[in-house]
Amino acid sequence: MEASADAGAAAAAAAAARTLRWAGRAGHLGGFPRTAVFAAVGAFAKAYASLLNTTTVHNADALLRLVSARPCGTPLLTVSNHMSTVDDPLMWGFKGFPTSDAKLGRWVLTAEDICFKNVVMSYVFRLGKCVPITRGGGIYQEHMNEALDVLIDGGWLHSFPEGKIAQDDQPIRRLKWGTASLIVRAPITPIVLPIVHSGFEKVMPENSFFGRRPPVPLCGKKIDIIVGEPIEFDMASLKQEASIVPNDSFSERKGWPTITLGGLDEAKQRWLYQKMSDKIQSVMERLRKKLLNLKQH
Numbered sequence: 003m004e005a006s007a008d009a010g011a012a013a014a015a016a017a018a019a020r021t022l023r024w025a026g027r028a029g030h031l032g033g034f035p036r037t038a039v040f041a042a043v044g045a046f047a048k049a050y051a052s053l054l055n056t057t058t059v060h061n062a063d064a065l066l067r068l069v070s071a072r073p074c075g076t077p078l079l080t081v082s083n084h085m086s087t088v089d090d091p092l093m094w095g096f097k098g099f100p101t102s103d104a105k106l107g108r109w110v111l112t113a114e115d116i117c118f119k120n121v122v123m124s125y126v127f128r129l130g131k132c133v134p135i136t137r138g139g140g141i142y143q144e145h146m147n148e149a150l151d152v153l154i155d156g157g158w159l160h161s162f163p164e165g166k167i168a169q170d171d172q173p174i175r176r177l178k179w180g181t182a183s184l185i186v187r188a189p190i191t192p193i194v195l196p197i198v199h200s201g202f203e204k205v206m207p208e209n210s211f212f213g214r215r216p217p218v219p220l221c222g223k224k225i226d227i228i229v230g231e232p233i234e235f236d237m238a239s240l241k242q243e244a245s246i247v248p249n250d251s252f253s254e255r256k257g258w259p260t261i262t263l264g265g266l267d268e269a270k271q272r273w274l275y276q277k278m279s280d281k282i283q284s285v286m287e288r289l290r291k292k293l294l295n296l297k298q299h
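Throughout, the numbering used here is defined as the position within the sequence shown, counted from one, plus 2.
No lab work stands behind these hints: they were computed from the structure. Being a predicted model, the structure only gives us computed values, none of them experimental. Each residue gets a CB set at the ideal place from its N, CA and C atoms; glycine is no exception. Treat the hints loosely; a few may be bogus.
Unchecked claim - Each computed PhoX-like pair below joins lysine-lysine, with the alpha-carbon atoms no more than 20 Å apart: (1) Lys241 x Lys281; (2) Lys166 x Lys178; (3) Lys166 x Lys119; (4) Lys48 x Lys224; (5) Lys297 x Lys224; (6) Lys223 x Lys48; (7) Lys178 x Lys281; (8) Lys48 x Lys97; (9) Lys48 x Lys204; (10) Lys281 x Lys291; (11) Lys224 x Lys97; (12) Lys277 x Lys178; (13) Lys291 x Lys224; (14) Lys105 x Lys48; (15) Lys97 x Lys223; (16) Lys281 x Lys292; (17) Lys166 x Lys204; (18) Lys178 x Lys204; (19) Lys277 x Lys223; (20) Lys224 x Lys292; (21) Lys256 x Lys178; (22) Lys241 x Lys277; (23) Lys297 x Lys204; (24) Lys223 x Lys204; (25) Lys256 x Lys277.
Said to hold, decoys possible - Derived Cβ-Cβ restraints for the label pairs, each shown as a range: (26) Gly265 x Ser210: 47 to 53 Å; (27) Gly32 x Lys291: 43 to 49 Å; (28) Gly213 x Asp267: 45 to 51 Å.
Produce the complete structure using the sequences and hints provided.
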């Protein structure tokens, strides 16, 4: 037992060393490294989104307004489809968006096994306000608590709730429950803003360069982005509905904790997260169809 505990502690220490949470703090070295990363990445995003490719954004003002002028202390949670490894940061590189502003810039959920492979990558992605998410780690993993802290502080968090890249132009896929869990757990319900885009699958195709991604993003492509309106969630009513949902004795249990503000057990949490995820998915799908229609006219 002691050996197992020691191994677990060692693994946790190694993970902490690799993901470098301290480097993501705003005051790290006076904030200069973060400012430099946002300036460099922002310039890269502007070049590809506004100069080397053609980007059209519908309803951009809705995003700009909430990023720069939402009520103090109110968190913003943007959600979008995921079509390539460069969706973020290029989707923020359109004209008029403060891409290089480190203070206004989003936090984003990123795959730990891709973006946090070593100390150097971890340091750079932490400076870029990225939160590592462990695949298969569940919606209550420690890194999700980091994401929750962003919302608690009234910050802006971006999520790709489909959970993986999909480059075929198909309906929005079934969403993972992590995004819904963050909305429920946040003490102040965040403004949830849906975004749908297309074209990034052509800028960074998965299988075009000898069956692999190209070494750099491609140019001369058409990128379209549509920003929706905030999705309303009446959390008090939703939790009340969830509290009377009968337990399903046949469903697998994962040992989830009882959430606060309602004390919902695991079965009720599942119902709540699924209902909220279905709503977000349906809104995103309507946006996708609207964008498709706009592109055809």
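Hints, one by one, checked against the model:
1. Lys241 x Lys281: Within the cut-off at roughly 15 Å; holds.
2. Lys166 x Lys178: Satisfied, since the Cα-Cα distance of roughly 10 Å is no more than 20 Å.
3. Lys166 x Lys119: Holds, at about 18 Å.
4. Lys48 x Lys224: 14 Å, holds
5. Lys297 x Lys224: 10 Å, holds
6. Lys223 x Lys48: 14 Å, holds
7. Lys178 x Lys281: Between Lys178 and Lys281 the Cα gap is close to 12 Å, so the pair holds against 20 Å.
8. Lys48 x Lys97: 7 Å, holds
9. Lys48 x Lys204: 17 Å, holds
10. Lys281 x Lys291: At roughly 16 Å apart (the allowed maximum being 20 Å), Lys291 and Lys281 satisfy the hint.
11. Lys224 x Lys97: Given pair Lys224, Lys97 holds - Cα atoms ~15 Å apart, limit 20 Å.
12. Lys277 x Lys178: Holds. Lys277 to Lys178 sits at ~12 Å (cutoff 20 Å).
13. Lys291 x Lys224: Given that 20 Å is the threshold and the Cα spacing comes to 17 Å, the pair holds.
14. Lys105 x Lys48: Distance ~18 Å between Lys105 and Lys48 Cα, so the pair holds.
15. Lys97 x Lys223: 16 Å, holds
16. Lys281 x Lys292: 17 Å, holds
17. Lys166 x Lys204: 17 Å, holds
18. Lys178 x Lys204: This hinted pair is violated, its Cα atoms lying about 25 Å apart.
19. Lys277 x Lys223: 37 Å, violated
20. Lys224 x Lys292: Answer holds: Lys224 to Lys292 is near 17 Å, not above 20 Å.
21. Lys256 x Lys178: 15 Å, holds
22. Lys241 x Lys277: It holds: about 11 Å lies between the C-alpha atoms, which stays within 20 Å.
23. Lys297 x Lys204: Cα-Cα ~16 Å, so holds.
24. Lys223 x Lys204: Answer holds: Lys223 to Lys204 is near 7 Å, not above 20 Å.
25. Lys256 x Lys277: Given pair Lys256, Lys277 holds - Cα atoms ~19 Å apart, limit 20 Å.
26. Gly265 x Ser210: 47 to 53 Å: Given a distance of about 51 Å, which is inside 47 to 53 Å, the answer is holds.
27. Gly32 x Lys291: 43 to 49 Å: With a Cβ separation near 47 Å, Gly32 and Lys291 satisfy 43 to 49 Å, so the hint holds.
28. Gly213 x Asp267: 45 to 51 Å: 47 Å, holds
In summary, the numbered hints that this structure violates are 18, 19.
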